[in-house]
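Visitor: This is what each chain is made of:
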Amino acid sequence: MTTVTLNINGNEIVAEKGLSILDVAKRSDITIPTLCYIADKPSENPCGLCVVEVEGQDELMRACVSLAKDGMVIHTESDAVLERRKERLAIISETHFGDCKAPCNLTCPGQINVQGYIAHVAKGEYEEALRVVMDRNPIPFSVGRVCPRFCETRCRRILIDEPVSINHLKRFVADWCMEHEIDLKIPKDRPTGKRIAVIGGGPAGLTAAWFLTKKGHSVTIFEAAPKLGGALRYGFPDYKIPKDIVDYEVNAVLRMGINVQQSQKWGTDFTLQDLKDSGFDATFIAIGATVDVPFDVPCTDKDNVFTAVDFLRQINEGRKLDLGKRAAVIGGNNVAMEVARSLLRQGVEQVTVVYPRARLEMPANQRNVKEAENEGVQFLLMASPSGLCAVPDTNNRLKLDLIRMKLGEPDKKGKRDILPIPDSTNSLGVDTVISSLGQKAVAGIMGGGELEAELKIKANGMIEANVRNSSTNIDGVFAGGDASAGSKSVIQAVVSARRAANNINAYVMGCEKDPADDRFNFSRGKGFDDVSLANFDGIGINLREKMPARPPEVSTQDYDEVKLGFTEKMAKREADRCLKCGCTAFERCDLKRLDIDHKINLNKTGMGKEPVYPVDENHRAITVDPNKCIFCGRCERSCEYDALEVRAESLDDKGRPVGLVIDFKENCVSCGKCVDNCSTGALNKKSRIVPIQSEEIREVKTTCPYCGTGCQMILKIKGQTLMEVTADPSVAPNYGDLCVKGRFGHNFIQHPDRLTTPLIRRQKGMPLEPVKWDEALDFMGQAFSKILGEKGPDALAGLSSARCTTEENYAFQKFFRAGIGTNNIDHCARY
Amino acid sequence: MTGLVTVLGSGAMTNTINGILKSDVMLVIGSNTTETHPIIGLRMLEAVKKGSKLIVADPRKIKLCDSASQWMQQRPGTDGALINALCNVIIAEDLEDKDYIAERTENLDAFKEAIKDCTPEWAAEITGVSADTIKDVARTFAAGERAGIYYTMGITQHTSGTDNVCALANLAMITGNLGKEGAGLNPLRGQNNVQGASDMGCNPSFFPGYQKTADKAACDKFAEIWGTPVSDKPGLMATEMPNAITEGKLAGLWIMGENPVISDPNSDHAKHAFEQLECLVVQDIFLTETAEIADVVLPAAVFAEKNGTFANTERKVQRVRCALIPPGDARDDLSIINMVSNRILGNGNHGYSNYSDPVYHTVAPLASEVFDEMCTCWIAMAGMSYERLEDGGLVWPCPDKDHPGTPVLHIGGFPRGKGYLSAITWSGPAELPDAEYPLVLTTGRVLYQYHTGTMTRRSEVLEGSAPSAYVEMNPEDAADLNVSDKEMVRASSRRGRIKLAVRITDRVKKGLVFIPFHYKEASVNLLTNDALDPQCKIPEAKVCAIKVEKLEVALAV
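As they're listed, the protein sequences go chains G and W. Yeah, the first sequence ends on 831 if you go by the numbering used here, and it's all consecutive. Yeah, the second sequence ends on 557 if you go by the numbering used here, and it's all consecutive.
Read the hints as simulated data drawn from the structure, not as lab findings. Computed from a predicted model, the values in this text were never measured in an experiment. C-beta: ideal position from N, C-alpha, C; glycine also. Among the hints, erroneous ones may be present.
[What the hints assert, rightly or not] Listed next, the in silico BS3-like pairs over lysine-lysine satisfying Cα-Cα at most 27 Å (straight line): (1) Lys520/W with Lys764/G; (2) Lys53/W with Lys41/G; (3) Lys791/G with Lys233/W; (4) Lys665/G with Lys49/W; (5) Lys50/W with Lys665/G; (6) Lys41/G with Lys63/W.
[Said to hold, decoys possible] Cβ-Cβ distance ranges computed for the label pairs, FRET-style: (7) Asp778/G with Gly464/W: 41 to 47 Å; (8) Gly792/G with Lys50/W: 57 to 63 Å; (9) Ala110/W with Asp778/G: 56 to 62 Å; (10) Asp485/W with Asp616/G: 24 to 30 Å; (11) Thr153/G with Gly392/W: 49 to 55 Å; (12) Pro467/W with Asp514/G: 23 to 29 Å; (13) Asp616/G with Ser130/W: 44 to 50 Å; (14) Ser78/G with Lys50/W: 36 to 42 Å; (15) Gly464/W with Glu87/G: 43 to 49 Å; (16) Lys665/G with Pro467/W: 19 to 25 Å; (17) Asp485/W with Glu44/G: 40 to 46 Å.
Chain W on its own, in the form it takes in the complex (with noise of 0.2 Å):
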């Protein structure tokens, strides 16, 4: 998000799902779009089948390999020299869309510069794609009338996150693809909410709408609609946290929904941190490996049992509708939320009804009258109401209350004026495999599994389908390493290490291995780098180096 916000003025997917269906070109990079979206990943295929053409570039040999017209089999960590590369192809052939980086954007020469000894032939050096096809996907991009970019944390969790996005966001600039349908910009959401919880400032720098902390007016604002005055000061991130603790910086942390124990990189180090603080509060559906360490749990509701919304991918603000109880004394987040602000601030609720549900046990301020709040923050949900969202969802910026909602951005312009050509030099991965950890991991999901699985390994079907966590690995590397399909093996990084089994198989490259991350008995963030990106701090989960070992010779040592 911090990439495309400083190039473009907006951290969103530019484009719908289903303008999809009308692009004749789409770039699918570090995503695995069938499994980890299968909806959007389903309207590409029939994008497909419609004429249009499919370009994928992934480590691994996932399943829209099969319907793309050009695959690209990267290493991982190299994606930024791969689309700095197709930049350079698209200069060097002219294939740029003149009128529009003329019009639309700025600092072409500084880009221009930087991109200039990014060759096909520098760049098949460290990706492992050839020159020819680097060349051959420059073409067929540049060539569509209407290209889309399609992408996830495949691109932005590593070191360079923040570049492969400004990257990105280069070449769909010099190709005129920003501002149109069927085309655009388009970071896949991996979870329901990503989009509301940004929108609404749930980030130490940015209040709700994305009006900075550090500027003076937007504290003005805040301070005038809650009443009270707020800090500048800019706030922790949720990487910097564990150091904060071990430094006793932070006492007290209230987590809700979230496990971070399971979920973030280097996953141990967060785990001794929370350990360390005065007060940890979890708020969840289920006892979490991270609830498991808490002083306090907070028992929450599912989303079946609350009123609210969630804003998708395409930034459409849906309704998510109150169906059942939820068990014992369970309640919906926002009224857990509610009881503690009483408690500890005894502010009551100015302003707010004092309705609560007998039923539904819902403490008020009601999820309504928030979102009624929410749209006084913001200009982009101002003319948003439930009244409005019934029949159907709207998509911000929705300015007004008969504004019809904004599916394509940046159609004329961008919100900082030009957008910005930026001049990226690519680095490396933090870590690269050696003599001690040779091979390259990768981790993503599965179709059948979600996140840290809190909730899908509780449904029979999910589970039955994709029950143990598996490391993928080429036949060669296994032959190396003398396994067999289905066998336990042990795989180590500098961080940790985990017991699993071998799944044999030619989607992963020689060197190259992919586990999936929902797995607590065999978490694969026990291996992964926290080393973190120094603009957004993202942590690198999407590549590091590890060994596997034979379990016995793994015991033996």
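Just chain G, with the same shape it has in the complex (with noise of 0.2 Å):
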């Protein structure tokens, strides 16, 4: 063999003669970006992106048809061959379309691959899709009970009918693993010997607590109350989340190994030197918000005068409370309506919010608004409350004195402030009277020691952060959620904690944080206005799923939850409602990748707006999305049967193809490579609609069970569900083939009608009914020894089977051999 020398990057290389320079720098490791390689199969509309510059030559060359020739000296990245890839990436990527996340996804504040679980839901894998929510929010119960659904607004189902109901499916897949007892076996990362304590239980530290304990982290959550939860047991009421929910939730969390300390009060029974003396070291604060903004008219020392959050504890504590036939709620936020439908469950028959703006701009999220409005609480708008001094009528505790407010002129930012309307004074006779004007961490300076004295408060009460890193002015003590951010939604919480979680790993460990999602996406429109409409043709309108809910005359009886979940038929339903607008080629797509290397701004190089082409669904197992397709021709050149041709009308002026057509001939046979070669979702297998994002993807080499080939696939698992089998072009005796059993053959492992458990036939004639490994293995050791005893040795025998592996083969004739004593021993295909 003959062998050419030459130089790539500086490095000296000695290389077969006769190899492309593609060929030579993948064997010497150097990668040269390809969008349209294969083997010994060139292309005839070549991507153009492996250019590479040879000294002496003044153009350009493409690597992949290229010979490497004795004394080349050879650049990958000089800046004239990022240049020309820079160009080729957007010239192909301009006529690229389709999104790359949903917008769901996208819109989530915790970035949720909502796709990927409705997906999974649609498919009946209620498991796996609680481990796609389970990968970013470890308080599924609640959050599907209690979030904003900030995803749903952006759903582009709003196009055609209704949102999807995101937030039902949610709470559908927690409660149905809860219904089934899955344990859902999320694995730890190795102990890494560093302690963390985190300050408060609620949805901030129980997530921080789960994300650090992933890491190999060990974690103990200091609690104030006896009990952990927070917010979700002490701030809403059972009706919205049921405390034996709150009880499972805190103890799916905790059943990652998380130790935790009760009833122990940051600044009374602990100081943050504390934690430092006892070895901690790093301390996350996410004690919420949970100090009340004072009611400040005057005379608001009366009796029958509570705060919001004090009185959601009580309540949630369940005590008694005089409360009286009326009463009124001050304030517009989240926590008002809560206490209002709390008061109309304590028996107070009237309930009124008073609220010094109109409706739609009440803080509360108006959803919260119409659920109190629908049990009867009535609201007052356009009025502030001006003091508790007057003297109440007979029928009354308290007079509620008011004022009539009106919108001023706008100011340079077009927003009203509210001007009371004089002599406008009016009164409200009630019972009792709540204030929900908002909440903060900390009522003033935050006691017990030197290091809490120094942490820095913010004006408004809340624990100063770091918003890049999460730290507070004291080192290696971190504060995220509520007690930071002030009163958010529960997500919210979820999410900073989350980030400051990944912070702190960074801090303690000495390490890079893990990288936030990149922002990079194709989109198929940003607002719904940008969405052409021809995305949906061929789309029937299919109203959302409603969700069943008790009647408010029977539900403002008592404190049982008002919405009853999803059946699993609903939830299969409105998981099918889903558009799929993300892409499931997400985690394989080079061209996505590229662009991303390689920095283009998609937004300044243009990307495909409209579909030319319709998504063919025609072939049984492979979707086609034209629109997607960069005339790569890869699948084309992959395919072993030459049963796929891909061809265009004709060329644009930059080399793009024009009536596109990608057509599957008569001999295929599903075999299913041409995907697996796809540089872009142009191909997808049918059975993958779920997109993998960030979730951890193993891939375990193993060999096919179907015929005697034994051919050598990947499977792609995430969690515990078999995503889909590849194979590496690389190995024997399959390279990289395989047939459409191989790829597409493994539903069965999924499938409902496994046997989960031994049964047995307590006698002839009997049904079959199941029962635990011991009683099977007791019936099953008796039937046998019996025998044995009375017969002998040959009158047992045992089938084998050639699915099995041969280790268990071996094992079984040993039994029957070394251990029964007969040669009774066959298998029903060893001819």
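Each chain sits in its own coordinate frame; assemble them with the hints.
Guide: The structure is reproduced here in structure tokens:
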């Protein structure tokens, strides 16, 4: 074999003669990007990305078709090369049309793979759906009940009928897994030996503890209350989140292996210094915002005047309060709505929410406002309380003085302030007044010790935490959730705590933090107005499933949960409504990867704006979306059967296809190799409807269970679900080839018909009944021993299986030969 | 296997899958390779593209015929006659490899005597293949420098199965095609681990490593390895078990991962027998038809939920790796065997670790420990370990830790010394068509399904591609019966009857019908013949006589 010696990027390389520059680079582990490469089959319409600069040559050369020659000096990353590649990528990307991530996913503060879990629901994979949620949100039971659902506001289904009921699906999978006693078996990293203290066992504290434990740290939660849950337990009443659900959620988090110290109040029972002294490497403050902003009008020191958090805590602790018949709630935030609805359940007949602005301006989520109204809560809008000093009427315990408000002139930003209407004083006779004017983390200065005194508190009563790294002004002390951000939704507390956990991990390990999701995204249109309706051709109206709920006249009589949850059928139907906007080739798309690597800014260079071709679902196993095709031809050239044709009527001035046709011929055997070779999501396996994003994928090499060829396969596993099967082109005997069974024939693994428990038939004629292993083994053992005793070893026999492993077959025949003492052992395919 | 062991001393595929690319002639007989072994079929098509000649012998016009240089459409059950005639031509025309025969084989004279009368003209009568075609094929095959033979159940599932295999061995030997790359005698294993199960003694007369139970030395060896005396009494073969049950000799049966109620010929008979067992234990991943009649059903794991090895058709031992936790209380089969063994024999784990995995619920001994024990039982695997298998498989024989494995068998010699040229006289199938059952039925697989369908019929793409049973019938036969394409008909034999759709096609000749055996709702093994090959007791699943009737005719009777 003759060789050539050449230089690539300063490295002297000796290579076999006759290879292309690309092949030489590949063998030397030098990556030259390409979108169209298939070994030994050069493209007729090259992507042009593999260009390299060869010294002494005027033009850049395509590495895939240029022979490596003796003495060549090659640069694969020179400015000219990078410039050209960017140019080519921009041209290719300009007509690529699709969504990388779905809008729901992008809108979710938690960046949860929403489409992913919906797709799992559609496939009946509820356990895996919950794992997807848990990848970013460890408290799905609560969030599934109280989330403001930012995602649903961006659901493209709105352009057809109504958004997908995403949050109800999340609740469904959580509840289903609880009902079926599923242990998600989420793996933890190796122990790091680091100890972390989390102050507060609410949403943020639980979340941070979960993610830090997952990273292998030893975490202790210090909770002031006797039970964990924080706002979930003491903020939301039972009709929103039942206490048994909170208990289950908390326990599910703690099962990860988290230490808990209850009834330990920071500042009273321990200080930050104590934590440092007892060896914690970092502390996370997640005490929430539980200090009510005072009701600052005269005479609020009277009896029967409460603040919201205090009131809700008492209700949630099950206290009986004498609240009278009429109550006023001051404030229009989410907490106020829960206060008002709780008052109804306490037997208060008339509950009035007093708010100085219009209804749409209430900070409460409008869904919560509507729910309160449905239950009979009244709203006195454009009114502001002025005091409680007046002497009440005989029928009431308190008299709330009010003044009507009007809107002033808009300021520079267009915001209109409210102004009292002169002489509009009025009053409302009530028995109870509860103010809900917002919450803060700390009242004044945090007490306890020196470090507490040093801790910076913002003017609004929140703990100051750096937005980039979650740190407070004290080294090793971090803060997050409502304690630093103020009262927000549960999911926002989860997000804040998850980021903090990432920051804390980086701090204690002295490493870089896990990178945030890349913002790069192809999009079919950012706003609803930008989305072509041609995307939805052929999709009929199919309204969302209605959440079963108890009617208000019944539900306000007790604290039982109002919303009853989707049934399995409803959940599946709802999941089927998903338009699957995001690309299911997300994790394997070469175009996206190279665009990101080369920092292509699609907003500047452009991307496809509307669909040119219909999505083709005619193939049994493969979905074809020509709008994503970049005409690289890898599919056609990788097909071993010449069963796929990709052609264009013509090429535009930049070499891109016009009138593209991707055609499966009659002789296609559905082996799916073309999909594995697709450089984008133009070809997709129909069974792969779940996009994989940040979730961890394990690739397990194994041997195909079908015929005797023994093809080597790679199982892509997410959680406990086989996502798809691929093969390595460099591994014998199949060298990347698989048949239809090898690539598509594995649904049986997760089939609901799988046997999951031993069965025995106690007597002939009776049905099989499920039993535990112990009983099954006893039953079989007794029967076999009896036969052995009465008739001898040759009255027993075994039939083993060509499907089972060699080890199993060996152990099976050994059982009969060495254990029983018979040669009555055979298998059905030994011939 | 019995045939090959007798004549060569080893019963496996002699060559490799990718060696196909080096062959210049391929004889594919009784194997619908592109459907049953798609990737091997693919290699054959690649070889054709590279200039290799493909000869197909099959009663049906299978896909490979499109790429074949010659196609012999023999009548089912006449393979032996066809092969003998090929040998006859080669000897008669002096095309044999004389040096090879002299050096490597024995019993030439008896062999010559046996095939003397098997002229192409004689075979043409029996097989329906013209004498000229037979001569042509013989010449093509003999001219190949590297000529490989590939076969499956189409050759073996006959009362003459063993003879057919010996006849093929004759053909390979007289042309000098055993012991070199790209040639050989290659039974393609239908299931993932037929080879491994065979290698490890799941056979009534062989211990692991094909060591005979009748051999005193072998008994002593295994008695020592297992620390207990072993029986030298031959055991029952699978096909003999149903009768042993009805005769009261067999009372307890443990079936691991098989579904004989569907897959056995004359399966109704097998089912009735199993129902008479005192205790039937079935271990499987689904409640199969056999599990339904069991007394104990043990929930097993699929390949992706266990560690271990499969040996593929080319004798390559490859790893199976655990990727998923079995659902619910399902357990991997090895752990089940270990649990049963502990319970019934109470023998503990001598020499093994007691490691049990809490997540995967495995019960010791682990697969790796069992593998190591296996390798001590058989010199051909003595050099293997999981560590060595990490970088791909190893092909046995691999007798020591530095041995690279043996992809091509019989280079320079056979295990039994000289290859034995068998004197085969051809005998026809046990059941031939007659006036009452005028059609010849042959059975097989389709690409999208596998075996009794427990796995494939639960996979959407596969089931969607081939959802129901059908009978392939020649247009002339269909016209005679006045049935149209897709019409439902009744097919019946002396043993049973099923209802299924007609598929009119010229893939089959007049008088021949084909039914795939995957479909329990039209289980073709209710019709097939359980007559056995006298030597290896394989049933004649591939040919029997049936009739097909229009439904209204059938129902009117």
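Visitor: It remains to establish, for every hint, whether it holds in the given structure.
Guide: Here is how each hint holds up against the structure:
1. With a CA separation close to 24 Å, the supplied pair Lys520/W and Lys764/G stays within the 27 Å bound.
2. Our distance criterion of 27 Å between C-alpha atoms is met by Lys53/W and Lys41/G, whose separation comes to about 24 Å.
3. Using a Cα cut-off of 27 Å, the hinted pair Lys791/G and Lys233/W holds, with the two alpha carbons roughly 16 Å apart.
4. A hinted pair counts as satisfied when its Cα atoms are at most 27 Å apart, and Lys665/G with Lys49/W qualifies at roughly 20 Å.
5. A distance of roughly 23 Å separates the Cα atoms of Lys50/W and Lys665/G; the hinted pair therefore holds under the 27 Å criterion.
6. Distance restraint check for Lys41/G and Lys63/W: the Cα-Cα separation of roughly 26 Å lies within the 27 Å cut-off, and the hinted pair is therefore satisfied.
7. Range check, Asp778/G to Gly464/W: Cβ separation about 43 Å, and the 41 to 47 Å hint holds.
8. Distance hint check: the CB atoms of Gly792/G and Lys50/W are about 59 Å apart, consistent with the given range 57 to 63 Å.
9. The hinted window of 56 to 62 Å between Ala110/W and Asp778/G holds, with their beta carbons roughly 58 Å apart.
10. One distance hint, 24 to 30 Å for the beta-carbon pair Asp485/W and Asp616/G, holds here, with the actual separation near 28 Å.
11. Roughly 52 Å separates the CB atoms of Thr153/G and Gly392/W, a value that falls within the hinted 49 to 55 Å.
12. For the pair Pro467/W and Asp514/G, the supplied restraint of 23 to 29 Å is violated, since their beta-carbon distance comes to about 46 Å.
13. For the pair Asp616/G and Ser130/W, the supplied restraint of 44 to 50 Å holds, since their beta-carbon distance comes to about 47 Å.
14. Hint check: Ser78/G to Lys50/W, Cβ distance near 41 Å, so the stated range 36 to 42 Å holds.
15. With their beta carbons about 44 Å apart, Gly464/W and Glu87/G fall inside the hinted range of 43 to 49 Å.
16. Taking the beta carbon of each, Lys665/G and Pro467/W are about 22 Å apart, inside 19 to 25 Å as hinted.
17. Look at Asp485/W against Glu44/G: about 41 Å separates their beta carbons, and that is inside 40 to 46 Å.
Hint 12 from the list above is the single one not met by this structure.
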